[in-house]
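Peer 1: Chain by chain, the residues:
There are 2 protein chains.
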Amino acid sequence: MRAVLITHNESSTGVRNPLKELCEIIKTHSDALILVDAVSSAAGSIISTDAWGIDVVATASQKSWIAPPGIAMVSFSDKAWKAYDKSKCPKYYYDMDQYREYLKIGQPPFTPSLTTMYTLHESLKNMVNEGIESVFERHSKIAQFTRDLAKNIGLDILPEENYASDTVTAIKLPKNVDGKMIVNQVEKNYNIILGGGQQKLAGKIIRVGHMGWINQEDIEKAILALKETLDTL
Amino acid sequence: MRAVLITHNESSTGVRNPLKELCEIIKTHSDALILVDAVSSAAGSIISTDAWGIDVVATASQKSWIAPPGIAMVSFSDKAWKAYDKSKCPKYYYDMDQYREYLKIGQPPFTPSLTTMYTLHESLKNMVNEGIESVFERHSKIAQFTRDLAKNIGLDILPEENYASDTVTAIKLPKNVDGKMIVNQVEKNYNIILGGGQQKLAGKIIRVGHMGWINQEDIEKAILALKETLDTL
Numbered sequence: 004m005r006a007v008l009i010t011h012n013e014s015s016t017g018v019r020n021p022l023k024e025l026c027e028i029i030k031t032h033s034d035a036l037i038l039v040d041a042v043s044s045a046a047g048s049i050i051s052t053d054a055w056g057i058d059v060v061a062t063a064s065q066k067s068w069i070a071p072p073g074i075a076m077v078s079f080s081d082k083a084w085k086a087y088d089k090s091k092c093p094k095y096y097y098d099m100d101q102y103r104e105y106l107k108i109g110q111p112p113f114t115p116s117l118t119t120m121y122t123l124h125e126s127l128k129n130m131v132n133e134g135i136e137s138v139f140e141r142h143s144k145i146a147q148f149t150r151d152l153a154k155n156i157g158l159d160i161l162p163e164e165n166y167a168s169d170t171v172t173a174i175k176l177p178k179n180v181d182g183k184m185i186v187n188q189v190e191k192n193y194n195i196i197l198g199g200g201q202q203k204l205a206g207k208i209i210r211v212g213h214m215g216w217i218n219q220e221d222i223e224k225a226i227l228a229l230k231e232t233l234d235t236l
Numbered sequence: 004m005r006a007v008l009i010t011h012n013e014s015s016t017g018v019r020n021p022l023k024e025l026c027e028i029i030k031t032h033s034d035a036l037i038l039v040d041a042v043s044s045a046a047g048s049i050i051s052t053d054a055w056g057i058d059v060v061a062t063a064s065q066k067s068w069i070a071p072p073g074i075a076m077v078s079f080s081d082k083a084w085k086a087y088d089k090s091k092c093p094k095y096y097y098d099m100d101q102y103r104e105y106l107k108i109g110q111p112p113f114t115p116s117l118t119t120m121y122t123l124h125e126s127l128k129n130m131v132n133e134g135i136e137s138v139f140e141r142h143s144k145i146a147q148f149t150r151d152l153a154k155n156i157g158l159d160i161l162p163e164e165n166y167a168s169d170t171v172t173a174i175k176l177p178k179n180v181d182g183k184m185i186v187n188q189v190e191k192n193y194n195i196i197l198g199g200g201q202q203k204l205a206g207k208i209i210r211v212g213h214m215g216w217i218n219q220e221d222i223e224k225a226i227l228a229l230k231e232t233l234d235t236l
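Just so you know, the sequences run in chain order A and B.
At the far end of the first sequence sits residue 236, using our numbering, and the numbering has no gaps.
At the far end of the second sequence sits residue 236, using our numbering, and the numbering has no gaps.
It should be emphasised that the hints constitute simulated quantities derived from the structure, not laboratory data.
All C-beta atoms, glycine included, are put in the ideal place defined by N, C-alpha and C.
Just so you know, not all the hints are guaranteed correct.
What the hints assert, rightly or not - Here are the simulated DSSO-like cross-link-like pairs (lysine-lysine), alpha carbons at most 27 Å apart as the crow flies:
| no. | chain 1 | residue 1 | chain 2 | residue 2 |
| --- | --- | --- | --- | --- |
| 1 | B | K94 | A | K89 |
| 2 | B | K183 | A | K107 |
| 3 | B | K91 | A | K91 |
| 4 | B | K85 | A | K91 |
| 5 | B | K183 | A | K85 |
| 6 | A | K191 | A | K203 |
Stated by the list, open to error - Chain B is nowhere near these chain A residues, computed Cβ spacing over 12 Å in every case:
| no. | residue |
| --- | --- |
| 7 | K66 |
| 8 | A83 |
| 9 | K85 |
| 10 | K94 |
| 11 | E104 |
| 12 | T122 |
| 13 | N179 |
| 14 | N194 |
Input sequences plus hints: build the corresponding full structure.
Peer 2: Okay, here's the thing in structure tokens:
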């Protein structure tokens, strides 16, 4: 086993995998590289890259970072760089070594998505001002608030609560309720965009995103809109 | 010979390669795929993809398209798709077939740089309104205007004029003039950003960009700033 790929936060199901525990198990039983898709968790949930022994973490500007899409962010451990050195995959645009070289002069090797970069820079400054621990706590609180409100209106959370995401909550709909119709009605009548389910979960769940710039009032409005729409059925 | 890669417009030297003629020669002597880097020429210079028998053309939003960086645009001929089918390169994010599949539902397979996409959409509408022939003519005229002004102040154009770019003009500086200093002085005293030379041409040329939103007045100001700065030496 050369590498384990883990999705930290699965936004289609609202599940946050127990990354720290998974890393411990992997490291106890193997020397595999640990590669983490943290697209929708980074900046919303704690990821102690070095302490947990993670080799590669990848995330993207449009999620909890509160910036438009256009920039991916990746971290590499020393072990990941050693694997890079052995890699025979053809590479050019995504040649990490080019990025490492250009990092020395503070530039990317190719023109980046500048509008995203400027926005992301502002966002990072805001995070530094707020304090990263506070950013995580804020996400954790709003997630708990969302789950509590959903339960208050009589709905169940899709994942076991221990594994519920801090950035998106997946709520089970009552049987025989058409989730796609609910999403459409809520958008039409309340101008609130809820997420629907994907693939096997299509029509069966509602997803409420709470990454970044979301406050309790936003969540209250969304859950109330959901309740009122269900009540009309 | 399986493929020929051509850079249509070389922005570091202000050279536009004679793409049509090169394609004719390639097609006369081989069955090679013709892959064109049109990053800084597309939307500024004519590229008759099908008529000239070009298989792949790649360009980028931040050049003559008048949008921020963040989106690459690529065209594929049937022959290029056949080569794609045989290709054994590992691919995922740049798997063109995924883009082709998603094109059927009018979406990209991955979240695109949306801010760039909206800007690009506006820009494309403007181009359609202006008419693409007029867009090319405008670039051709402003390029000629730039070269004429440069010659009027006693400077030479770097490439032979038959091969001079429609989107960027490279101007030779008099011997013993430090081009980097000129670029710095012009920016400091006139708030105009000229391009310098790269690598072997560093310090020896000045580059004036005239892609997209540039008019004769802008060019006059830039060349006057260059002249006045040279006159102080």
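Peer 1: Does each hint hold? Answer for all of them.
Peer 2: Structure-based check of each hint:
1. B:K94 x A:K89: Since the Cα atoms of K94 of chain B and K89 of chain A sit roughly 19 Å apart, the hinted pair holds (cutoff 27 Å).
2. B:K183 x A:K107: The given pair, whose Cα atoms are some 22 Å apart, holds under the 27 Å limit.
3. B:K91 x A:K91: Satisfied, since the Cα-Cα distance of roughly 13 Å is no more than 27 Å.
4. B:K85 x A:K91: holds (25 Å)
5. B:K183 x A:K85: Judged against 27 Å, a Cα distance of about 39 Å means the pair is violated.
6. A:K191 x A:K203: Holds - the C-alpha atoms of K203 of chain A and K191 of chain A are around 25 Å apart, at most 27 Å.
7. K66: Non-interface label fails for K66 of chain A: nearest chain B Cβ at 9 Å, not farther than 12 Å.
8. A83: holds (18 Å)
9. K85: holds (20 Å)
10. K94: violated (10 Å)
11. E104: holds (16 Å)
12. T122: About 8 Å separates T122 of chain A from the closest Cβ of chain B, which leaves it inside 12 Å; violated.
13. N179: holds (28 Å)
14. N194: holds (19 Å)
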